[in-house]
Every structure is written in structure tokens, then in C-alpha cells.
Amino acid sequence: MANAAVFRTCPATGLKIHRPAEALIKANAVTAVVFLAVGGFFGLLVALTRWPAVHLLPADWFYLALTAHGLDVLLVWIIFFEIAILYFASAILLNSRLAAPKLAWVGFALMLAGAVITNVAVLQGGSSVMFTSYVPMKAAPHFYLGVILFAVGALIGCGIFFGTLVIARQERTYKGSIPLVTFGALTAAIIAVFTIASGAIILIPTLLWSIGLVSYIDPLMYKTVWWAMGHSSQQINVSAHVAVWYAIAAIVVGAKPLSEKVSRMAFLMYILFLQLASAHHLLVEPGISSEWKIFNTSYAMYLAVLGSMIHGMTVPGSIEAAQRKKGYTNGLFGWLAKAPWSNPAFAGMFMSLVLFGFLGGISGVVLGTEQINLIMHNTLYVPGHFHATVVAGTTLAFMAVTYLLVPLIFQRELVLKKVAQWQPYVFAVGVSGISLFMMGAGTLGVARRHWDIGFADSLLSFDYPATAFLMMGLNGLAAILAALGGLMYIVVVVGSILFGKRIGEQPAERPAPVPTEAAAVGAYGSAETLSIPGTVVLVGVFFTAFVLYYFVNWKYLSEVWPLQ
Amino acid sequence: MSDTENPGVESSQADDGNEPIPFWQNVLDNPFLLLFLGVTIPTVLYVIWGVMEIVTIPLAK
Chain Y
0 MANAAVFRTC
10 PATGLKIHRP
20 AEALIKANAV
30 TAVVFLAVGG
40 FFGLLVALTR
50 WPAVHLLPAD
60 WFYLALTAHG
70 LDVLLVWIIF
80 FEIAILYFAS
90 AILLNSRLAA
100 PKLAWVGFAL
110 MLAGAVITNV
120 AVLQGGSSVM
130 FTSYVPMKAA
140 PHFYLGVILF
150 AVGALIGCGI
160 FFGTLVIARQ
170 ERTYKGSIPL
180 VTFGALTAAI
190 IAVFTIASGA
200 IILIPTLLWS
210 IGLVSYIDPL
220 MYKTVWWAMG
230 HSSQQINVSA
240 HVAVWYAIAA
250 IVVGAKPLSE
260 KVSRMAFLMY
270 ILFLQLASAH
280 HLLVEPGISS
290 EWKIFNTSYA
300 MYLAVLGSMI
310 HGMTVPGSIE
320 AAQRKKGYTN
330 GLFGWLAKAP
340 WSNPAFAGMF
350 MSLVLFGFLG
360 GISGVVLGTE
370 QINLIMHNTL
380 YVPGHFHATV
390 VAGTTLAFMA
400 VTYLLVPLIF
410 QRELVLKKVA
420 QWQPYVFAVG
430 VSGISLFMMG
440 AGTLGVARRH
450 WDIGFADSLL
460 SFDYPATAFL
470 MMGLNGLAAI
480 LAALGGLMYI
490 VVVVGSILFG
500 KRIGEQPAER
510 PAPVPTEAAA
520 VGAYGSAETL
530 SIPGTVVLVG
540 VFFTAFVLYY
550 FVNWKYLSEV
560 WPLQ
Chain A
0 MSDTENPGVE
10 SSQADDGNEP
20 IPFWQNVLDN
30 PFLLLFLGVT
40 IPTVLYVIWG
50 VMEIVTIPLA
60 K
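Quick note, the sequences are listed as chains Y and A, same order. Position 552 (the first sequence) corresponds to 551 in numbering that gives the first Met the number 0; numbering is contiguous. Position 52 (the second sequence) corresponds to 51 in numbering that gives the first Met the number 0; numbering is contiguous.
So here's chain A without its partners, still in its complex pose (with noise of 0.2 angstroms):
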């Protein structure tokens, strides 16, 4: 597809391929990294943390 076919094609910030890639947007351009670390951190930090929070409570006597 040319350029001129695609609109979302001409003002990509990817024209000049010499230039390297910043880190943030090969963190940003990995949907599946995104992925990973949008389930793990609230897994971890609210599921993970709550329900051993919650297992820990000693029964009553």
C-alpha cells in the first residue's frame, strides 16, 4: 500500500530509520509487554497481597 492509500502513514514518526528507537516507545510499541505488565503488577499488588492478607487472619478461638 502507498503512502498516499493510507493516512495513518504519513506522518508516522517512523520515516527516518536511521534514527534509534527511544526506549519508552519499544516498551509502548509491545502490546503483549504491555500485556504482561498491566495482569501481573494488580495481580501482585491487589489480588495476590489481598487474599494472602485475608488467609492470614487467625480463626477465632
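Okay, chain Y solo, but in the shape it has when bound (with noise of 0.2 angstroms):
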């Protein structure tokens, strides 16, 4: 048993905190706000070249500036919080020890080397491959080695946290199961597990590819590889974004499951399922059959789907339930409208929950059916439906997570309340705004990745709707805003980190910075009620809107492939 001296007690949860996850725990997240700050940076370029008024980048640097803005925010930004979040759902969720620090930061410095070396490459501008780094474009050797390092260091924390749940077990530091939080965090690490290995099977040989080892790499058989890699890294977020959701409602409001059963079981079919949604990116493709992508996608996913969908109704149930326990029983929405909407934390949880829910949920449901994905497949739909998950869903509930770790991790009081109070206001309404508007943009046709919508040096001219040059600007106006929100939240975070008062270890000394209630995030139990009227119309409302739009493109299809 680890000395007593390394473990300090929370004094707003009761919780047993291991000093040595509590700084790993530390350095993931602040190096993780580093990279959001980078790659949101490159991301508002981007938004800014693809605004046909603005144009600000020439071609090379807006290709650039795509490749930095993908790796940094899909992979670098996300996958160091989520590392953050593992081992603060394993180490202090279960007030055990951390398993082996000393290799949890040998694993945190390959990332960070990694992460480094991948920028360093992009940078020297011989790597503007993209996120996808499709073969048979080429990157520089050290664009590959700097993501497999990457990848090597985030499966040594997937192997930290398992090895905690061990050590957790053995050392009988919880009853019973885990506490769901945990639970949907060992999903993200499942998840994790077969990404990394995906990634080593295509990555590694094209490394080797780069600098000469091996002739030929085929483009189908690495577009296949790759997004079993590149697609489910995104479902990690989205595990972890989901235990996310039901960390922050615990801790705020109590909000217990309203049933554990049912929410295990939701995360059961992201174990088996959701990685197979990676199929959706290879619907066109010749030379792949039917089958496997029917399979995959309009099966196999849909069951994915339905956990999410499950989720969506079992967050805003439990806390309606918590609510109400607590005397808000005023109509329908007594409940929501009492909610702690000027806590930072509550709102940017529960708006990524309704727009992940309903831009990024619907939309992608919408993309991984075969036949209406044809539509928008390599559109800007499709960045339009991943910034609704991984931004407006995941981003922002990392942020709004990070509220809630400031004091509890770092032990420090937010400064700027007011500006932390607007800012998950502010940047959900900026990557909605991108988000619909790049949606709006692909469904009149306008392909991603392209760096001028107007053909301006092209021997061919097209023309696109003057809707979709009306779109692309108001996309640039919300990344602005988006932008402003990101700013926001790093001024916030960075300050209170540095400047912000500190919180006593001694719960007499200061107030406690969250409810007594939150020990809730700690624990095994339902809220075991089923009286949740206003869910269930915010539920009915979702699915309306689903089979609305998904009538609407089906009928858009016909429209544009007529049948005889």
C-alpha cells in the first residue's frame, strides 16, 4: 500500500487524491490547452482563407495551416485531456493509487515529443498532407514518427489506467462495480486501445513508405486502415465527452443515472459498435462491398447510435430527476429553467449535450447512411457534422469540465467569473454557427479541403450558388466568435491557474467549491425514477427533428437522382 503522504483529501468530495496522478493529471491538461490554443489558432486561419471576401492565406500556407489545425485539435488537443481524464476517473474516481507513475510520464513525454515533432514537420512545409495524410501524398519521415511516438505515449496512459483499475481492485478501494464515470472512461480506453493499434498497422509502413523502405503503399487498403484509426479516435472522444457529461452533472446538480443498468449497457454498445462507424468515410469507394459497408454502417452503427441516443436521454433524465428531488417540480421545465445555467461548468455540459445530440448526431446518421451520404460524402457537410461532435460536442465539454478541475485539481479559485460564466455561451454559439453554416455550405455542393471555392486560377470555371459564398462568410463570422469563445476559455483557465487564490486542503478553511452532493461522481446507484415529463418531450422534440431531416434528404436525393 502506498505511503499516506502521497495521497491528500478533497475537501468538496471527500475524495482520497494521489499526488502523483494529480500531477500527471496537471501537465496532460495544461499541455492540452497549449495545443487547443495552437490549432484553434490555425483553425481560425483556415476559416478566415475559406471566407471568399476575406481569402487571407495563399494555397501552400492554407494547406499548411489545414494539416496544423486537424493534428493539433482532433489528435493532440483531445487525446492529452482525455489521457487527463483517464487518470482522474481511474486514480482519483476510485481513491486509489495511480499504477506506475514513473512510466505514465515517460509515457507523457513521448506524446509531447511527438506532438512537437509532428508540428515542427508540418511547419517546415514539406507535410501539408492534411490530417489524412492520404497516400500517395508524402509527407516528411518525421511527420509519421512524430505520430506513432504520439500514439506509443497515449497507449502507454491506456495501459496506466487499466493497470490502476487493477490496483483499485486489488486494494479494494471501491465495493461492488465502478462508478459509471469510470465506466465510460474504460470505454474511451477500449476504444483507445484499437485506435492505436489501427494506426500502428498503416502508420508504420508508411513511415518506412517515406523514406524509402518500402515501394508501394495502396491508397485503398490505407484509407481503410486509416480511418479505423482516424474515425475512432473520434469515438473515444465521444465515450469520453459522455462520461464527461455525467461527471459534470453529479458534481453540480447530484445527478445520479437514473439507471446504471441501462447506461452500462449504452456504453456496452459503444464498446462493441461505434468504432465501426469508421466505414461511413469509405462509402464510395470501389473495390470495398456492399455488404461491408451495410454492414458496418446502417447495422452495426445504428446500435452505436443508440446508445448515444440513450445517453441523450438518460443526462438530461437524471438531472430533471436530481432537480426535482430537490423541490423543482414547477410545469414541464420548472426543473431546467432552475438549473445552474451561470455555472460554466452545467452550461457548456449540457449545450454540447443538446447540439451534439442534435447537429452532430442527426448528421452523422444522415452521412453513414449509403445512399443519402452520396449527397454530401467530401462535402463540407462533413466537417460540418464533426465540428457538432468533436467540437461543439467534446471540446466543450472539456472545457466546461475544466472548470470543475481548476478547483479541484489545481487547487485554485477561476478568475474573470464573468467572463468564464459567457464563454461556453460565446463558443457555442460560434461552432454552431460554423458548424450549420459549413453543413449548409456542403449540402449546395462545396467540396472540403478546397482552398477556393471560386476556381479563380482554374482552366475550368464553375460556379457555386451564391447561398454557398453567403455560407462560407457566415462560417467565417462564427469562427471568429468560436475563436473569441476559445480565447475566453484559455485567458480564464491560464489565469486562474497562475493568479487564481488558493483553496485549503482543510474543508474549514474555505468554502467548498462544489456541493456536498458531489460525491455522487464517486459512487454506484440510481436515482430509480422514471418521472422525467419534461425529458421526455425534449426527447420527442429530438426525434421529430431526426425523422424530419432525415425525410428531407432522402426527398432532396430524389431530387437529385431521379428514379423512373
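Accuracy of the hints is not assured; some may be wrong.
Quick list of simulated restraints, FRET-style, between CB atoms [said to hold, decoys possible]:
hint	chain 1	residue 1	chain 2	residue 2	range
1	Y	Phe332	A	Phe31	37 to 47 angstroms
2	Y	Arg7	A	Trp23	29 to 39 angstroms
3	A	Thr39	Y	Leu102	48 to 58 angstroms
4	A	Thr39	Y	Val115	32 to 42 angstroms
On the chain Y side, residues computed to face chain A include the following (Cβ under 10 angstroms) [what the hints assert, rightly or not]:
hint	residue
5	Ile189
6	Val192
7	Ala199
8	Ile200
9	Ala227
10	Ser297
Worth flagging that the hints you see were computed from the coordinates, not collected in a lab. All C-beta atoms in this analysis are idealised placements derived from N, C-alpha and C, irrespective of residue type, glycine included.
With the hints in hand, could you dock these two chains into one complex?
Written out as C-alpha cells, the structure reads:
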């Protein structure tokens, strides 16, 4: 058993906090935020270039910025933060010591070195192959090497997580089953192992190809295996941010899941089926059968979507149950009106949930349907969709939980509290605009990854509808707003860590930063009620929107592809 | 550690040690079984099936 001196007790939750785990959480979270700032800056440059009236960067710089943006925010920011979540959900929530902290630091160093090396390769200008790095486009060898090192470091982080689960069970730091938030993190870690293994299978040969030791990489083989990594890495996000939703709901309003069993089965759906949705990137590839495409998207993927819809009902349902228990029983939505909307953690979490479901979830099912995928495949609709899932869903959820991690883990009070209160709203409005306007432009046929939708220097001219240009302009404005929201987040978080008032470790010295009911986050147990009429109405609105939008796309397909 | 020291323990469902643990709870409580399933299923259904389809594409003559 580890020495008691390496633990402290959280005054808010009563959880035992392993100091080496705490240091690793801090390091991973801070590094994540730094790369969010870098990647977000490149994203703003991309959006301002795609805004036809501004068209900021020349073509070569545009593709460099697009590559850096994709890598830094889709991979580096997210995975560093997820490693912090894995350590929090294992060592902290299970009151356990972290397995092999020194090895965890090796993993952290590998991830950091890999991220820096890949960024250097991109900034040197010879590796503007974008996030997907499709062969036969060839990047510099250290581009692939950096990604591989980063992946190895992340795999070590997953191993530390599994090791900590074993230690916690052996040392009986908890009884029965692990808490639901930890189970969500376990789901993310399992998907991460598959993701990293797939990345190794394809990126190691590609590294050898880039240095001349392998003569040929088949493009279709590359795309197939790469997407097992590329899309699954975003499924890690989904699992992690759903776990974060449950955590914030528990910590802020003391919410317990409506049913532990149902929520766990929904996570099991993710473990078994979520990675298969990678196939939707290959729906127009010749050479792969319809059986493979349809099974992996239109059958297996829907089981994972069912998991998301369960979470989409149980998270707000658990909040409604907790609020009604406190006496907020007025009408259908009294519980929602009385929710702590001035708490940036809660506001960010709830908007992440709504935007992920309405924008990211519905558009994801549309993209995953083989027939209607054809009308927006490889258009700007695709980045519109994943900005709704990864930015409005994951990034906003991670930003929200940061407002709890700063007092709990960094033991600092937030500075600029008004800025913190507004931040999730500004960011959510900006990101919703990015997502909606890109999906609008994509529906009008605007290609993704294209420097100039005006085709100014093209031999054959082509005109998109004028509305597409309007969409791209609005996308640029929305990106500025989202960048402002991102800047507000970084200023508040960095300012709080550096200059925030210290919070003492003794409960009597300072008021608890979160309610004592926050202990629900580390507990097993259900709310055991289905008296959630407001949530039922919200779910009804969601299904109505889902059915209508699905129908509209089939109608649209019938118009562009008339069948007699 | 006593229950009062660890809030996660208080509402654990395993307090009644005499009840048999349901099958699905055993599955969900085994992280390494879940890891095996979560890696094997997509490896077989997505990667191996997909790669086999690509390698069996006939070469152009």
C-alpha cells in the first residue's frame, strides 16, 4: 500500500487524491490547453481563408494551416485531455493510487515529443498532407514518426489506466462495480487501444515508405486501415465526453443516472459497435462490397447510435430527477429553468449535450446512410458534422469540466468569473454557426479541403450558387466568434492556474468549491425514477427533428438522382 | 478504509453479498473481457473483412 503522505483529501468530494496522479492530470491538461490554443489559431486562419471575401492565406499556407489545425485539435488537444480524464476517472474517482506514475511520465514525454515533432514537420512546409495524410501524398518521415511516438505515449496512458483499475480492485478502494464515470472512461480507453493499434498497422509501413524502405502503399488499403484509427479516435472522444456529461451532472447538481444498468449497456454498445462507423468514410470507394459498407454503417453503427440516444435521454433525465428531488417541480421545465446556468461547467455540459445530439448526431446518421451519403460525401458537410461532434460536443464538454478541475485538481479559484460564465455561450454559438454553415455549404455541393471555392485560377470555370458564398462568409464570422470563446477559455484557465486564489486542503478553511452532493460522481447507484416528463418532451422534439431531417435528405436525393 | 471515508462505497450495490451477481454485471465488471471484445469485434468486422475484400480484388489484365 502506498504511503499515506502521497494522498490528500478533497474538501469538496471527500475523495482521496493521489498526488502523483494529480501532477500527471495537471501536466496532461495544461499541455492539452496549449495545443488547443495553437490548433484553434490555425483553425481561425483556415476559416478566414475559406471566407471568399477575405481569402487570407495563399494556397500552400492554407494546406499547411489545415494540416496543423487537424492534428493539433483533432488529435493532440483531445488525446492529452483524455489521458487526464483517464487518470482522474481511475485514480481519483476510485480513491486509488495510480499505477506506475514514472511510466506514465514516460508516456507523457513521448506524447509531447511526438506532438512537437509532427508540428515541426508541418511547419517546415513539406508535410501539408492534412490530417488524413492519404497516400500517395508523402509527408516528411518525421511527420509519421511524431504521430507514432504520440500514439505510443497514449497507449502507455491507457495501460496505466487499466493498471490502476486492477490496483483499485486489489486494494479494495471501492466495492461492487466501478462508478459510471469510470466505466465511460473505460469505454474510451478500450476504443483508444483499437484506435492506436490500427494507427500502428498503417502508419509504421507508411513511415518506412516515406524513407524509401517500402516501395508502395495501396491507397485503398491505406484509407481503410487509416480510418480505423482516424474515425475511432473521434469515438474515444464521444465516450470520454459522455463520461464527462455524467461527471458534471453528478458534481454540479448531484445527479445519479436514471438506471446504472441501462447507461452501462449503452456504453457497452459503444465498446462493441462504435468503431465500425469508420466505414462511412469509405461509402463511395469502389473495391469494397456493399455488404461490408452496409453492415458496418447501416446495421452495426445504428446499435452505437442507440447507445448515444440512451445517453442523450438519461443525462438530462438524471438532471431532471435530481432537480425535482430538490423541489424544482414547477411544470414541465421548471427544473431546467432553475438549473445553474451561471455555472460555466453546467452550461457548457448541457449545451454540449444538446448540440452533439441535434447537430452532430442527426447529421452523423445521415452521413452514415449509404444512399443519402452520396449527396454530401467529401463536401463541407463532413467537417460541418464533425465540428458539431468534436468541437460542440467534445471540446465544449472538456472546457466545461475544466471549470471543475481548476478548483478540484489545481486547487485554485477561477479568475474573471464573469468571463468564465459567458465563455461557454460564446463558444457554443460560434461553433454551432461553424457547423450549420459548413453543413449548409456542403449541401450546396461545396467541396471540403478546397482553398478557393471561386476556382479563380482554374482552366475550367465552375460557379457554386451564390448562397454557398454567403454560407462561407457566415462560417467565417462564426469562426471568429468561436475563436473569441476559445480565447476566453484559455485566458480564464491559464489566469486561474497562474493567479487564482489558492484553495486550502482543510474543509474548514474555505467553502467547498462544489456542493457536497458532488460525492455522487464517485458512487454506484441509480436515481431509480422515471418521473422525467420534461426530458420525455425534449426527447420527442429530438425524434421529430431527426425524422424530418432524415426525410428531407431522402427527398433531396430523389431530386438530384431521379428514378423513373 | 471505512465506508465514511470513501463516498463511493456508501451506495454500492454489492452490499448484500449473498445475492448472486447477474451475468451481465459480471461481463461489465470485467475490463479485460470488454477490452478483448472491443478490440476483436471491430478488428474482425471492419479491418480484416475490409482488408480481405481489397486483397481479393482481381488485378487488371
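Violating hint indices (sorted, rising): 3, 7, 10
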